[in-house]
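Peer 1: Residue numbers (UniProt numbering), protein chains in the order written: chain A, 1 to 125; chain B, 1 to 972.
Honestly, the hints are just simulated from the structure, not real lab data.
Accuracy of the hints is not assured; some may be wrong.
[What the hints assert, rightly or not] Straight-line Cα separation of at most 30 angstroms, DSSO-like style, residue types lysine-lysine; simulated pairs:
{"id": "1", "chain 1": "A", "residue 1": "Lys23", "chain 2": "B", "residue 2": "Lys699"}
{"id": "2", "chain 1": "A", "residue 1": "Lys23", "chain 2": "A", "residue 2": "Lys109"}
{"id": "3", "chain 1": "A", "residue 1": "Lys109", "chain 2": "B", "residue 2": "Lys699"}
{"id": "4", "chain 1": "B", "residue 1": "Lys361", "chain 2": "B", "residue 2": "Lys157"}
All figures in this text were calculated on a predicted structure; none of them were measured in a lab.
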Amino acid sequence: MEAVLSILVGLFFTAGIYLMLSKAIVRILLGVVVFGNAVNLLIFTAGRIMREVPPVMSLDMTQLTGDTANPLPQALILTAIVISFSFFSFLLVLTFRTYQEVGTDDTVKLRVAEPEGKILPPMGY
Amino acid sequence: MNSETMLMMLIALPFAGACLAALFPPNARNAETWAAALVTLGAVVLSASLFPAVATGTPVRLNIEWLPTLGLSFSLRMDGFAWLFSMLVTCIGFLVVIYSRYYMSPDDAIPRFYAFFLAFMGAMLGIILSGNLILLVVFWELTSIISFMLIGYWYQKADARDGARMSLTITGVGGLGLLAGVLLIGHIVGSYDLDAVLDSGDLIRSHPLYVPAICLVLLGAFTKSAQFPFHFWLPNAMAAPTPVSAFLHSATMVKAGVFLMARLWPVLGGTYEWFWLTGFAGAASLLLGAYFAIFQRDIKGLLAYSTISHLGLITLLLSLGSPLGAVAAIFHMMNHATFKASLFMAAGIIDHESGTRDMQKLGGLFKLMPYTATLAMVASAAMAGVPLLNGFLSKEMFFAEAIETHADSILDTAAPYVAVIASAFAVTYSIRFIHAVFFGERPADLPREPHEPPFLMRLPIQLLVLACLVIGIIPAITVGSFLHIAVVSVLGADTPAYSLAVWHGLTVPLGMSVIALIGGALLYVLLRHYLAHCEEGPPYFRRLKGQRIFERVLVFVSWRFARLVEATLGTRRMQQQLRLLVAVSLVAAAIPFYNSNFGLGLFELGQIDIPFALLWVIGIACAVGAAHQAKFHRLVALILLGGAGVVTCITFVWLSAPDLAVTQLLVEIVTAVLILLGLRWLPKRWEDTELGRAPISTKLRRGRDLLVAAVAGLGMTLLSYAVMTRPSPDTISGFFLRKAYEEGGGRNVVNVILVDFRGFDTFGEITVLGIVALTVFALFRRFRPAPDTIESPEQQRIQAATDEERSDRITGQTVSDYLLVPSVIMQWLFPVIIVFAAYLFLRGHDLPGGGFAAGVAMSAAFILQYLAAGTVWVEDRLRILPVNWIGLGLLIAGCVGIGSWVFGYPFLTSYSQYIDLPVIGEIPAATAILFDLGVFSLVVGATVLMLIVFAHQSIRRLRAAKISTTTIEEVA
Numbered sequence: 001m002e003a004v005l006s007i008l009v010g011l012f013f014t015a016g017i018y019l020m021l022s023k024a025i026v027r028i029l030l031g032v033v034v035f036g037n038a039v040n041l042l043i044f045t046a047g048r049i050m051r052e053v054p055p056v057m058s059l060d061m062t063q064l065t066g067d068t069a070n071p072l073p074q075a076l077i078l079t080a081i082v083i084s085f086s087f088f089s090f091l092l093v094l095t096f097r098t099y100q101e102v103g104t105d106d107t108v109k110l111r112v113a114e115p116e117g118k119i120l121p122p123m124g125y
Numbered sequence: 001m002n003s004e005t006m007l008m009m010l011i012a013l014p015f016a017g018a019c020l021a022a023l024f025p026p027n028a029r030n031a032e033t034w035a036a037a038l039v040t041l042g043a044v045v046l047s048a049s050l051f052p053a054v055a056t057g058t059p060v061r062l063n064i065e066w067l068p069t070l071g072l073s074f075s076l077r078m079d080g081f082a083w084l085f086s087m088l089v090t091c092i093g094f095l096v097v098i099y100s101r102y103y104m105s106p107d108d109a110i111p112r113f114y115a116f117f118l119a120f121m122g123a124m125l126g127i128i129l130s131g132n133l134i135l136l137v138v139f140w141e142l143t144s145i146i147s148f149m150l151i152g153y154w155y156q157k158a159d160a161r162d163g164a165r166m167s168l169t170i171t172g173v174g175g176l177g178l179l180a181g182v183l184l185i186g187h188i189v190g191s192y193d194l195d196a197v198l199d200s201g202d203l204i205r206s207h208p209l210y211v212p213a214i215c216l217v218l219l220g221a222f223t224k225s226a227q228f229p230f231h232f233w234l235p236n237a238m239a240a241p242t243p244v245s246a247f248l249h250s251a252t253m254v255k256a257g258v259f260l261m262a263r264l265w266p267v268l269g270g271t272y273e274w275f276w277l278t279g280f281a282g283a284a285s286l287l288l289g290a291y292f293a294i295f296q297r298d299i300k301g302l303l304a305y306s307t308i309s310h311l312g313l314i315t316l317l318l319s320l321g322s323p324l325g326a327v328a329a330i331f332h333m334m335n336h337a338t339f340k341a342s343l344f345m346a347a348g349i350i351d352h353e354s355g356t357r358d359m360q361k362l363g364g365l366f367k368l369m370p371y372t373a374t375l376a377m378v379a380s381a382a383m384a385g386v387p388l389l390n391g392f393l394s395k396e397m398f399f400a401e402a403i404e405t406h407a408d409s410i411l412d413t414a415a416p417y418v419a420v421i422a423s424a425f426a427v428t429y430s431i432r433f434i435h436a437v438f439f440g441e442r443p444a445d446l447p448r449e450p451h452e453p454p455f456l457m458r459l460p461i462q463l464l465v466l467a468c469l470v471i472g473i474i475p476a477i478t479v480g481s482f483l484h485i486a487v488v489s490v491l492g493a494d495t496p497a498y499s500l501a502v503w504h505g506l507t508v509p510l511g512m513s514v515i516a517l518i519g520g521a522l523l524y525v526l527l528r529h530y531l532a533h534c535e536e537g538p539p540y541f542r543r544l545k546g547q548r549i550f551e552r553v554l555v556f557v558s559w560r561f562a563r564l565v566e567a568t569l570g571t572r573r574m575q576q577q578l579r580l581l582v583a584v585s586l587v588a589a590a591i592p593f594y595n596s597n598f599g600l601g602l603f604e605l606g607q608i609d610i611p612f613a614l615l616w617v618i619g620i621a622c623a624v625g626a627a628h629q630a631k632f633h634r635l636v637a638l639i640l641l642g643g644a645g646v647v648t649c650i651t652f653v654w655l656s657a658p659d660l661a662v663t664q665l666l667v668e669i670v671t672a673v674l675i676l677l678g679l680r681w682l683p684k685r686w687e688d689t690e691l692g693r694a695p696i697s698t699k700l701r702r703g704r705d706l707l708v709a710a711v712a713g714l715g716m717t718l719l720s721y722a723v724m725t726r727p728s729p730d731t732i733s734g735f736f737l738r739k740a741y742e743e744g745g746g747r748n749v750v751n752v753i754l755v756d757f758r759g760f761d762t763f764g765e766i767t768v769l770g771i772v773a774l775t776v777f778a779l780f781r782r783f784r785p786a787p788d789t790i791e792s793p794e795q796q797r798i799q800a801a802t803d804e805e806r807s808d809r810i811t812g813q814t815v816s817d818y819l820l821v822p823s824v825i826m827q828w829l830f831p832v833i834i835v836f837a838a839y840l841f842l843r844g845h846d847l848p849g850g851g852f853a854a855g856v857a858m859s860a861a862f863i864l865q866y867l868a869a870g871t872v873w874v875e876d877r878l879r880i881l882p883v884n885w886i887g888l889g890l891l892i893a894g895c896v897g898i899g900s901w902v903f904g905y906p907f908l909t910s911y912s913q914y915i916d917l918p919v920i921g922e923i924p925a926a927t928a929i930l931f932d933l934g935v936f937s938l939v940v941g942a943t944v945l946m947l948i949v950f951a952h953q954s955i956r957r958l959r960a961a962k963i964s965t966t967t968i969e970e971v972a
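Please take these sequences and the hints and turn them into a complete structure.
Peer 2: What follows is the structure, encoded as structure tokens:
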């Protein structure tokens with residue numbers, strides 16, 4: 001089980017990084033989403049995995065003993081999921097604005113600050 | 001007043017004076033001078049009155065704990081040597097303050113000058129009086145910084161800025177070296193206390209870290225005292241106002257280096273390494289400084305190189321390791337300060353009166369300013385080592401030491417010759433200074449008509465020259481006792497017998513003096529005509545400038561090297577940077593793997609759970625498919641991405657993380673909605689990649705990217721596998737599991753962690769969420785869609801066209817009826833989802849759910865309405881005001897946190913209780929649930945805000961389209 005799950009994590013990373021290395025911002029965005037999932041899963045596996053023993057008590061219990069899933073990574077990931085959503089939308093807006101201002105989504109062509117053929121900073125300033 | 005208080009006052013007075021001086025109005029030149037003179041005079045009196053206490057032989061000490069755990073204390077210590085130096089610094093400081101009144105012009109910023117001047121004096125006294133090595137380094141750095149301010153006083157001049165920057169760079173580097181050296185000494189001795197260090201000479205000298213320690217300490221001393229090869233900053237620092245040069249570059253700052261060497265000489269000196277390091281630097285500075293000084297055109301340049309030479313002499317004396325050498329070094333420090341300060345001031349008068357310092361332009365000033373000329377001549381004679389002046393005495397002692405054999409090496413054999421040659425050079429440049437400035441023809445084209453300066457401007461020089469004469473004629477009576485306590489405090493029991501007399505009989509040193517005097521005079525006669533017209537700088541060495549090398553180094557480090565790094569590593573392209581980042585993290589991660597012998601061989605598939613494996617195969621297929629399809633069909637990629645998200649979600653369910661599953665599922669939904677809303681406004685896909693006809697270079701690039709990504713993925717696989725197959729360490733999780741109900745009052749441990757144990761973190765996180773949402777909102781406020789996205793979507797246009805073709809339909813009907821049934825269902829779902837969200841929220845503390853999940857669910861309810869009925873329809877009926885939700889959420893969460901203060905508990909302490917409500921039953925009523933309510937409200941606000949700003953784009957589009965059509969019509 002661990003091996004297959006770790007392959008899943010690895011492939012999520014591969015897909016995310018590959019997309020993020022692309023030149024088109026849209027693909028970078030998709031890459032960020034996959035990458036976020038990959039990181040969440042990695043943190044999750046760091047807490048070790050356990051089947052069907054969620055860290056939730058039944059009504060007659062006052063503390064959890066014995067084998068229980070690790071609640072700490074879960075708490076970390078829970079906020080990470082929501083925050084990564086918000087950052088995703090932030091990136092999306094930035095993409096929009098960039099496209100609107102510059103007229104391209106090719107990162108190589110984003111050269112408003114350092115136009116092609118001009119002297120490079122600091123001499124250019 | 002006891003002596004400790006006086007010591008404290010001595011160091012505090014100049015700094016207090018500096019603060020006071022800074023407050024004067026800019027034009028209060030006289031008042032300013034009065035204040036500064038009083039402060040410096042006070043310091044002189046304080047130093048002088050400490051003499052009886054110091055003369056007893058035990059140093060005066062003052063100790064105030066600063067950071068005792070680090071061995072740091074503000075401890076002051078004044079022994080005979082420190083006393084002599086503080087007298088020197090305060091007296092010359094006082095004289096220079098008077099002189100400055102007449103030197104500085106009314107246009108200069110006088111408060112700034114005196115403030116820095118006095119602060120410098122305080123810092124210098126700090127170096128002299130520090131009883132703790134770290135404290136000494138602090139004051140040492142302070143002198144570097146203040147001297148930067150003083151050298152750059154006329155910051156409107158480029159040479160002042162350059163000189164200041166150079167001196168700060170060099171002395172700053174030296175200061176860092178000194179700090180490191182002091183730390184090493186402290187490590188060896190176990191204390192930074194000067195007394196403790198002075199007591200452990202043998203321990204330090206036999207320690208393996210001795211050589212690094214002296215190298216670093218000497219780096220500090222050599223840079224400060226402008227010793228070869230760090231000498232070149234001093235001539236450049238001559239751009240400073242002349243009073244600054246007279247004070248800093250004769251008496252004080254440059255003396256700090258030799259002071260430190262003399263101070264630590266009993267501990268660090270006397271070894272072979274010390275002899276070579278200081279001996280070489282000293283001899284080189286002595287000889288080169290004197291040689292370079294002959295060929296300067298600027299008077300101050302001549303004096304600066306002469307200072308380098310004299311400091312080299314002192315360094316050479318300290319290198320010898322003989323107590324008599326140390327006596328001569330201390331004596332020469334005093335003598336040099338007296339005659340060099342007076343010469344600098346004389347140079348300032350000449351500059352002030354005639355408007356130039358160029359010796360080739362000057363001449364014949366003796367007739368115009370006979371007093372100044374006489375004073376300068378006496379001081380120059382002292383510099384040249386003419387008998388009956390103080391310079392002669394210490395030079396005699398130097399000659400006597402030079403002919404002794406110390407370490408039996410080539411340096412030792414060369415010492416007498418070096419001494420005589422350098423002294424001859426000193427005679428030459430002294431004669432040149434006097435002859436070129438005061439004699440010869442009087443030039444007609446001087447910028448100003450020279451005449452004698454005011455009496456008070458000359459008085460400081462008179463006093464110093466008088467000192468030169470008196471010490472030179474009757475040394476034993478005048479300074480004998482003062483010098484003796486200084487020498488005893490440095491050398492202790494090793495103090496040798498020495499004699500301060502003018503006449504020792506017909507000795508070898510006397511012969512050497514005579515040779516040097518005659519040789520130097522002859523050399524000047526030979527060089528006279530050459531010097532009258534030569535270029536600046538010595539022949540042969542003219543091109544070899546330390547300054548040039550320094551500038552080259554700076555240019556290399558700050559510009560060429562930076563460009564090189566930038567060209568190879570730095571990038572102007574995000575992808576390249578990202579690739580580098582991934583590659584670096586791969587290497588960084590691979591090293592621990594390699595070190596712990598973790599190989600691929602340890603990777604075992606083990607038993608495979610078929611449903612899991614199938615699920616993950618789907619997930620993998622989705623992720624890979626999304627990556628592949630992102631090039632061609634973004635919608636497909638998006639759907640596949642959703643698939644990957646769902647697989648993550650199911651993984652969470654099966655692996656005991658129901659909270660995560662719920663949240664992930666809901667976030668996947670809103671993310672999909674967001675991308676769908678956004679995709680519309682993004683640029684069209686690239687044409688060249690559509691049919692796989694990409695050029696080879698693109699294919700290569702993609703191949704490389706894939707390789708990088710695959711290796712990174714493999715690494716992550718191994719990492720997560722390695723983590724999962726190892727036993728879990730005992731973490732804080734156990735504590736959470738045990739205490740969740742007892743102390744948090746909740747049965748869902750994850751939720752309790754979020755809203756209770758780690759509530760403060762969550763508070764921070766929701767704040768971030770709110771900020772991001774507001775930023776998104778702000779970025780969109782003035783956004784107008786890009787021109788090529790203003791048109792209606794293609795599908796809508798096709799449908800509209802169908803309407804137009806058919807007579808039984810009204811244009812726009814198909815579009816408005818589109819997805820009618822689903823939208824009705826979506827509208828009906830609105831209350832259902834709200835109830836669901838409330839349910840998720842209320843059960844959150846005990847069962848999977850909670851504020852985050854409920855918040856996202858609630859926002860899904862809102863956005864579904866937008867999708868179903870359109871923005872305009874929704875906003876006509878429902879005003880959501882998400883910004884208020886955000887504010888309210890943050891307010892609730894903050895108030896809950898602050899509420900615990902009322903009961904005397906720390907921020908966000910929770911209190912739990914169960915309340916039995918009719919119908920609904922027993923519900924948990926921990927204060928944490930109120931906090932969760934804040935989280936819920938904020939998540940709703942943030943998510944809805946982000947979603948509806950995207951949704952609003954469609955309204956903007958219509959408006960933008962309308963504007964563009966109107967414009968066209970108007971034009972038509």
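Peer 1: Each of the hints needs a verdict: does it hold here or not?
Peer 2: Hint by hint, here is what the structure shows:
no., hint, in the structure
1, A:Lys23 to B:Lys699, "holds (13 angstroms)"
2, A:Lys23 to A:Lys109, "holds (9 angstroms)"
3, A:Lys109 to B:Lys699, "holds (19 angstroms)"
4, B:Lys361 to B:Lys157, "holds (22 angstroms)"
Hint compliance for this structure: no hint is broken.
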